[in-house]
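Asks: Protein chains in written order, with the numbering used here: chain U, 1 to 501; chain H, 1001 to 1149.
Treat the hints as calculated values from the structure; they're not laboratory data.
Heads up, some of the hints might be wrong.
Calculated from the model, a selection of chain H residues having no Cβ within reach of chain U, i.e. all distances over 12 Å [unchecked claim]: (1) P1060; (2) W1116; (3) V1146; (4) L1147.
When the alpha-carbon atoms are kept at most 25 Å apart in a straight line, the in silico SDA-like pairs for lysine to any residue are as follows [as the list claims (entries may be wrong)]: (5) U:K429 / H:K1032; (6) U:K387 / H:Y1112; (7) H:K1004 / U:D432; (8) U:K285 / U:L242; (9) U:K246 / U:L376; (10) H:K1115 / H:A1086; (11) U:K430 / U:Y416; (12) U:K54 / H:L1132; (13) U:K352 / U:Q55; (14) U:K141 / U:G295; (15) U:K430 / H:K1115; (16) U:K429 / H:I1077; (17) H:K1092 / H:V1078; (18) H:K1032 / U:Y190; (19) H:K1135 / U:N410; (20) H:K1004 / U:K387; (21) U:K430 / H:K1004; (22) U:K285 / U:G295; (23) U:K387 / U:L28; (24) H:K1032 / U:P470; (25) H:K1004 / U:E434; (26) H:K1004 / U:L179; (27) U:K430 / U:M447; (28) U:K54 / H:A1086; (29) H:K1109 / U:Y190; (30) U:K387 / U:Q55; (31) U:K430 / U:M166; (32) U:K352 / U:A57; (33) H:K1092 / U:V197; (34) U:K54 / H:P1141; (35) H:K1092 / U:Y416; (36) H:K1135 / U:N409; (37) H:K1092 / U:I204.
Computed footprint of chain U on chain H, listed as stretches where at least three residues anywhere in the stretch have a Cβ under 8 Å from a Cβ of chain U [unchecked claim]: (38) 1003-1016; (39) 1025-1031; (40) 1045-1051.
We put the CB at the ideal spot given by N, CA and C, even for glycine.
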Amino acid sequence: MGFWENLLQGFAVSLTAFNIWCCFAGVLVGTLVGVLPGLGPTATIALLLPLTFKQDAISAIIMLAGIYYGAQYGGSTTSILVNIPGEASSVVTALDGYQMARQGRAGPALGIAAFGSFIAGTVATFGLALLAPPMASVALKFGPPEYFSLVCLGLVAATFLTQGSMLKSLIMIVFGLMLGTVGRDMVTGYPRFTYGVYDLEDGIGFIPIIMGVFGIAEILSNLESSLTGGKDIYEKRITGLLPSLKDWALSIGPILRGSVVGFFLGTLPGGGAVLASFASYTVEKKVSKDPQSFGKGAIQGVAGPEAANNAASQGAFIPLLTLGIPSNAVMALLVGALMIHGVQPGPQMITKNPALFWGVITSMYLGNILLLILNLPLIRLWVQILKIPYRILFPLILMFCLIGVYSLNNSIFEIYLMGGFGILGYIFKKLDFEPAPMILAVILGPMLEDNLKHAMLISSGDLTVFFSRPISVVFLGLSFLCVLFQMIPAIRHSKDVALKE
Amino acid sequence: MSRKDIFSAVVLLIFALAFGIQASMYPQGDLKRVGSGFFPLVLAVLLGFLSLLLLFVSLPRRQEKREFPWPQQWGGIVGVLVALFAYGFFLKSLGFSLATFLFSFGLLKYGYPEKWLLPFGGALATTFFCLLIFKVWLGTPFPTGVLGY
Chain U
1 MGFWENLLQG FAVSLTAFNI WCCFAGVLVG TLVGVLPGLG PTATIALLLP
51 LTFKQDAISA IIMLAGIYYG AQYGGSTTSI LVNIPGEASS VVTALDGYQM
101 ARQGRAGPAL GIAAFGSFIA GTVATFGLAL LAPPMASVAL KFGPPEYFSL
151 VCLGLVAATF LTQGSMLKSL IMIVFGLMLG TVGRDMVTGY PRFTYGVYDL
201 EDGIGFIPII MGVFGIAEIL SNLESSLTGG KDIYEKRITG LLPSLKDWAL
251 SIGPILRGSV VGFFLGTLPG GGAVLASFAS YTVEKKVSKD PQSFGKGAIQ
301 GVAGPEAANN AASQGAFIPL LTLGIPSNAV MALLVGALMI HGVQPGPQMI
351 TKNPALFWGV ITSMYLGNIL LLILNLPLIR LWVQILKIPY RILFPLILMF
401 CLIGVYSLNN SIFEIYLMGG FGILGYIFKK LDFEPAPMIL AVILGPMLED
451 NLKHAMLISS GDLTVFFSRP ISVVFLGLSF LCVLFQMIPA IRHSKDVALK
501 E
Chain H
1001 MSRKDIFSAV VLLIFALAFG IQASMYPQGD LKRVGSGFFP LVLAVLLGFL
1051 SLLLLFVSLP RRQEKREFPW PQQWGGIVGV LVALFAYGFF LKSLGFSLAT
1101 FLFSFGLLKY GYPEKWLLPF GGALATTFFC LLIFKVWLGT PFPTGVLGY
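Working from the sequences, and respecting the hints, build out all of it.
Replies: Given below as structure tokens:
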């Protein structure tokens, strides 16, 4: 089937009343999560995963994907109005967005963020539909050695994204891989590190880990500061959400550049919306005729990064849908969601589950339209939600974490596990260890070990199998370069500056 | 920075050692048929090496003597953790509704120590909302406990 037939097939799936409703619910909840600081999209998707158990796989993924890119947009509202980014990917938006709000231009800032996200979403949807099929057909040629090397690349690339020490990121990756070995060996069935605990036989579920290190640890950190402190919320009436012609003239270039940069950075293993928004801001500042205006309310500084983070969140679906490899923690959760619904993500998904594949892709376009319709009129509601004190929010978040994790397997053990990882996540924060690479490693660990064993088996124990197959060599070479680059002081310094800015 | 890095490195080194000892007790197999203990053992060696590296790069910076990052306010953190584990512990005996109500009430009361009505009403609403979503809509089988629901 051709490109347009595939898209039409996708729209036939995503435009059913129930799937439109799922997409709507997803982007609404996603925006809400993005607006509220303290509960990121990863923890929310983990939290809401049980709500999708009753749905079929397509509707469930459409809803969860909606939460993801909805959160990217919601984060910008808080960045612009309160100077508190709801999501890490909206940190850059705060630089110029908040300045625009202070100059009485909150409306156009919010408006261009919404339109920029929409245009980027459109570009990314077409990019996804164009690139995914050829990538999936290439991936069909991958054997265990190629997959082993690709997972290595994904893990090493994840260290690029973390702020601070690469050594600590590598430690977190190895620690995550260790957690992934707990439970019965997938090949031999031998129990490892279970110590007779029945609940550990199937391994440590990644959802209690995610809820612990992202949800509970975040609450514990926030409890260290005063619960009664207020936020300086933009109180003026927000008017004129539609950007002027001059605003459009200044923004269209950054939006288009941000869409392309964001989409490609999103597809990289370990890449994502955060990196994309930073990259777009840097590009816009470099190409601008008036770079001094950046940081003082330049609309380009809002338009570019907002387009980039939205395009990146869609680009991140490429490795998931074509290779079955999640590029970040949210995508890893979607792998879990697909597997719960009996769908194995990977290159065969496009042929085995075309309705799901194209349905999810086209639902993103629908989601972007819904975000545009939803967000502009609801901005005042989001502002009101921002005023909910944290001392009311944190018991609710905690309660949802508890019930959510229990309802996955009706297991009290998972509540304890989540609590334990909450403490661990809090300690990691205190000791400057970032948990994101660990999460990726927990999920990719079993895949890495499985492919290592199979590669060894097919090569009769010949370790050179990883270096004698061209694709595998390329992946391993890139992994090596990734480590090497970060060891070069100049590159390490510029990465730290970019992530700290 | 360096003091907490030295602490991290030592703890990780001990963990790697314990993990490695345990992994060495599992079948190792050979390169053709990799055993269940091979991969965990490799990981333990790798973590041990990285921890030593962290220790090695942190030691020269020891003179910086920055404060160890102890929590600023223990009360809330300990309270939330006790409540969390207590919820799991008492869920079966108290039942979903009562445990959820008591848990929400306790946390809301922590946020509003001077008020009674708000935590009570908030806990009631939370319990009702959770019952509606998880029990009625999703049909999750929760423990019923002393109240019978």
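Asks: Are the hints correct? Go through all of them and say.
Replies: Here is what the structure says about each hint:
1. P1060: Correct as stated: the minimum Cβ-Cβ distance to chain U is 14 Å, above 12 Å.
2. W1116: H:W1116 is indeed farther than 12 Å from all Cβ atoms of chain U, at 15 Å.
3. V1146: holds (17 Å)
4. L1147: holds (17 Å)
5. U:K429 / H:K1032: Not OK: U:K429 and H:K1032 at ~41 Å, beyond 25 Å, violated.
6. U:K387 / H:Y1112: holds (16 Å)
7. H:K1004 / U:D432: holds (9 Å)
8. U:K285 / U:L242: holds (24 Å)
9. U:K246 / U:L376: The given pair, whose Cα atoms are some 20 Å apart, holds under the 25 Å limit.
10. H:K1115 / H:A1086: holds (23 Å)
11. U:K430 / U:Y416: holds (21 Å)
12. U:K54 / H:L1132: The hint holds at about 15 Å.
13. U:K352 / U:Q55: Cα-Cα ~19 Å, so holds.
14. U:K141 / U:G295: Since the Cα atoms of U:K141 and U:G295 sit roughly 48 Å apart, the hinted pair is violated (cutoff 25 Å).
15. U:K430 / H:K1115: violated (33 Å)
16. U:K429 / H:I1077: holds (14 Å)
17. H:K1092 / H:V1078: holds (23 Å)
18. H:K1032 / U:Y190: Since the Cα atoms of H:K1032 and U:Y190 sit roughly 18 Å apart, the hinted pair holds (cutoff 25 Å).
19. H:K1135 / U:N410: The hint holds at about 12 Å.
20. H:K1004 / U:K387: violated (37 Å)
21. U:K430 / H:K1004: Within the cut-off at roughly 9 Å; holds.
22. U:K285 / U:G295: holds (10 Å)
23. U:K387 / U:L28: Between U:K387 and U:L28 the Cα gap is close to 18 Å, so the pair holds against 25 Å.
24. H:K1032 / U:P470: holds (22 Å)
25. H:K1004 / U:E434: holds (14 Å)
26. H:K1004 / U:L179: Distance of about 23 Å is within 25 Å: holds.
27. U:K430 / U:M447: violated (30 Å)
28. U:K54 / H:A1086: violated (30 Å)
29. H:K1109 / U:Y190: Violated, because 48 Å separates the two Cα atoms, which is more than 25 Å.
30. U:K387 / U:Q55: Roughly 33 Å separates the two Cα atoms, so the pair is violated.
31. U:K430 / U:M166: holds (17 Å)
32. U:K352 / U:A57: With Cα atoms ~13 Å apart, U:K352 and U:A57 stay inside 25 Å; holds.
33. H:K1092 / U:V197: holds (19 Å)
34. U:K54 / H:P1141: Roughly 14 Å between the alpha carbons, so the hint for U:K54 and H:P1141 holds.
35. H:K1092 / U:Y416: This hinted pair holds, its Cα atoms lying about 14 Å apart.
36. H:K1135 / U:N409: holds (14 Å)
37. H:K1092 / U:I204: Satisfied, since the Cα-Cα distance of roughly 22 Å is no more than 25 Å.
38. 1003-1016: Since three or more residues must qualify, the claim that chain U covers the segment 1003-1016 of chain H holds, with 5 doing so at under 8 Å.
39. 1025-1031: holds (count 4)
40. 1045-1051: holds (count 4)
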